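Residue numbers (our numbering), protein chains in the order written: chain A, 1 to 114; chain B, 1 to 113.
Don't take each hint at face value.
With a straight-line Cα cutoff of 25 Å, these simulated SDA-like cross-link-like pairs (lysine to any residue) come out [claimed, not checked]:
| id | chain 1 | residue 1 | chain 2 | residue 2 |
| --- | --- | --- | --- | --- |
| 1 | B | K3 | A | G42 |
| 2 | B | K105 | A | G58 |
| 3 | B | K105 | B | I74 |
| 4 | B | K105 | B | E14 |
| 5 | B | K52 | A | G102 |
| 6 | B | K105 | A | Q44 |
| 7 | A | K13 | B | S41 |
| 8 | B | K105 | A | G42 |
No lab work stands behind these hints, which were simulated from the structure alone. Just so we're clear, the structure is a prediction, and the values are computed from it rather than from any experiment.
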Amino acid sequence: KAGVTQTPRYLIKTRGQQVTLSCSPISGHRSVSWYQQTPGQGLQFLFEYFSETQRNKGNFPGRFSGRQFSNSRSEMNVSTLELGDSALYLCASSSLDRGRDGYTFGSGTRLTVV
Amino acid sequence: DAKTTQPTSMDCAEGRAANLPCNHSTISGNEYVYWYRQIHSQGPQYIIHGLKNNETNEMASLIITEDRKSSTLILPHATLRDTAVYYCIVRVGSGGGADGLTFGKGTHLIIQP
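Isolated chain B (complex conformation):
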């Protein structure tokens, strides 16, 4: 699975959009981009995933660049409860994906009141 690079930490004001970047320059054509988050003392929570088209669900939007070398997770109206560590994971989606999910260090997003 391709390696990802994320900033260590980010701040965002409550009510604003939080934009979390992820670089995955070695991504392969059959690898998806997955985002999870982990709120302190809880298990990780799946947020969204995509292959090459932008995706949106009730939690967030995922924007993937045309060359697929980077992506941005957008939380449109951040609340204090969105304070968490966010993990960007690149993984083969169909028929593969050895060794489970590879969680890096993620981005610690802190929402400021």
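Bound conformation, chain A alone:
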């Protein structure tokens, strides 16, 4: 079966712009989570959705937001981009709430802010 699909794979944006990243979970998975990975901070949790409801949110500023659609696809948005937002953004999906059966991660979107 198809894995978790993230688009685009690479993105270059300018400071102050906004960006929207997309994630299509594995078919049938209703839980979607987002993570940011940087060399300095490692993997950090952004937020988690289950059946269109945000379950948890990590310690990130309000510039980071997300949503989940009725077909479980998810988007995350970062407004007013800063240089420090350059990172690999990873999406993960699970069939059970809160990933009790383990998450499947996508390959990520590498965002570079210049």
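Following the hints, complete the assembly by docking chain B onto the known chain A.
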């Protein structure tokens, strides 16, 4: 979620069993032990999880001590493709688990030819 402690790095010869330890002395009764790995430039990959019984799947075995304060992930016949950073994560499995997965620094496992 309970905190975990893992060695920073380990080496293992190709074809041998790789045993990766994890300490989680403050684990609660309803917390599971999860293992993920991340191969360079890829997203993390789920390996296995368990509560208190030993678990085995096609990728690995998970041995949890009787007091549940530590566990060992075993890759029975390591190959070069198993070179990765391995993360041990302790998390409430049912009905809880705030703040997503907490990835520490993990163990960088290097398989030597």
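We went through each hint and held it up to the structure:
1. Pair hint K3(B) plus G42(A) holds up; C-alpha atoms about 16 Å apart against a cutoff of 25 Å.
2. Our distance criterion of 25 Å between C-alpha atoms is met by K105(B) and G58(A), whose separation comes to about 18 Å.
3. Between K105(B) and I74(B) the alpha-carbon distance is near 19 Å, which keeps this suggested pair within the 25 Å criterion.
4. Simply put, K105(B) and E14(B) have alpha-carbon atoms about 24 Å apart, close enough for the 25 Å limit, and the pair holds.
5. Taking the CA atoms of K52(B) and G102(A), the gap is about 17 Å. The hint holds against a cut of 25 Å.
6. As the CA atoms of K105(B) and Q44(A) are separated by approximately 11 Å, the hinted pair is consistent with the 25 Å bound.
7. With a CA separation close to 21 Å, the supplied pair K13(A) and S41(B) stays within the 25 Å bound.
8. This hinted pair checks out: K105(B) and G42(A) have alpha carbons roughly 7 Å apart, not beyond 25 Å.
This entry satisfies every hint, going by the numbered hints stated previously.
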